[in-house]
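My request is simple: use the sequences and hints to build the entire structure.
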Amino acid sequence: MNARTDAIRAGLGRGWIELRNSFTNVQDLWNYFFPTFVLLVAMFFMRGSTVPGTQFSLGARTLPSALAMGLAFGGLLGLAQQLIVDREDGTLLRAKATPNGMLGYLIGKLTMISAVTLIGVAIQLTPALFFLDGLRVAHAGAWLVLAGVMLLGLLATLPLGAVIGSLIENPRNMGVVVLPIMGLVALSGIFYPINGYPGWLQAVAQVFPLYWLGLGMRSALLPDAMSAVELGGSWRHLETVGVLGVWAVLGLLLAPVVLRRMARRESGSRVALRREKALRRPV
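In case it helps, the working numbering puts the sequence shown at residues 1 to 283.
Wrong hints could be hidden among the right ones.
Unchecked claim - No more than 25 Å apart at the CA atoms, straight line, and that leaves these computed lysine to any residue pairs for SDA-like:
{"id": "1", "residue 1": "K96", "residue 2": "V257"}
{"id": "2", "residue 1": "K96", "residue 2": "G199"}
{"id": "3", "residue 1": "K96", "residue 2": "I107"}
{"id": "4", "residue 1": "K96", "residue 2": "G245"}
{"id": "5", "residue 1": "K96", "residue 2": "P256"}
{"id": "6", "residue 1": "K96", "residue 2": "A10"}
{"id": "7", "residue 1": "K96", "residue 2": "I168"}
{"id": "8", "residue 1": "K96", "residue 2": "M262"}
{"id": "9", "residue 1": "K96", "residue 2": "P198"}
{"id": "10", "residue 1": "K96", "residue 2": "M174"}
{"id": "11", "residue 1": "K96", "residue 2": "D86"}
{"id": "12", "residue 1": "K96", "residue 2": "R4"}
{"id": "13", "residue 1": "K96", "residue 2": "Q81"}
{"id": "14", "residue 1": "K96", "residue 2": "G13"}
{"id": "15", "residue 1": "K96", "residue 2": "S234"}
{"id": "16", "residue 1": "K96", "residue 2": "V207"}
{"id": "17", "residue 1": "K96", "residue 2": "L19"}
{"id": "18", "residue 1": "K96", "residue 2": "E18"}
{"id": "19", "residue 1": "K96", "residue 2": "E169"}
{"id": "20", "residue 1": "K96", "residue 2": "L238"}
{"id": "21", "residue 1": "K96", "residue 2": "M182"}
{"id": "22", "residue 1": "K96", "residue 2": "W16"}
{"id": "23", "residue 1": "K96", "residue 2": "R14"}
{"id": "24", "residue 1": "K96", "residue 2": "R260"}
{"id": "25", "residue 1": "K96", "residue 2": "A3"}
{"id": "26", "residue 1": "K96", "residue 2": "R47"}
{"id": "27", "residue 1": "K96", "residue 2": "N173"}
{"id": "28", "residue 1": "K96", "residue 2": "P35"}
{"id": "29", "residue 1": "K96", "residue 2": "R261"}
{"id": "30", "residue 1": "K96", "residue 2": "V85"}
{"id": "31", "residue 1": "K96", "residue 2": "E239"}
{"id": "32", "residue 1": "K96", "residue 2": "A203"}
To be clear, the hints were calculated from the coordinates, so they are not data collected in a lab.
This is the structure in structure tokens:
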């Protein structure tokens, strides 16, 4: 067994330990459950409304889109926040000083973030099944499509999250990323179909992975008849796989380059400087 394999095994073990510890942390539990609770309440009150031009529940239509939003947030923001915080407190520098430590560190973070994201999907999906009607939960094919979309979605978003985390040093600068992502949520048809948007806004929404994640989730959980209210009047499976695949390839090509550059720049003096700045901030 070589050193790289040992690092991968250590990373997997570290990821599961961090996952287990996160479920004993009150703040982490709040972050997991409170947004889910808010979305479930919103969908509960939306269940009596219908998608324009149909008799289908707007709440049921929103569920798969909300699941896609949670997955995108976990991939893009979850890993980015972890990298930024670990750079500031020196965790990343300690990993860099260990042979194959960066590989083990990244495997651990990917394991933990992926598991947290998938658990979040389960926490939101399970109770929603009890008050939302019309979902294709009895079809085995629906679950296979759902699993495939989630896997492709993680591949499309996690590398981008690593890039974001490598480029931002200060945790307080996360707003620079959060605000544009919230704007994309508004554009991407998470809570309402985008058919009524101007053509140029529809085009912008379709450039980014969030719209396609939502479309893929909806294709898995909603009846085929609901494809009529989507752009083009179909689920566009090939386009979904294509766009998410392109983002995955771009991220996987770019992330290692950016991560190596960030790791090379890390030093004890940079960590000390960031710590000194953090101590100077007003409480």
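Hints not upheld, ascending by number: 2, 4, 9, 15, 16, 20, 21, 26, 28, 31 and 32
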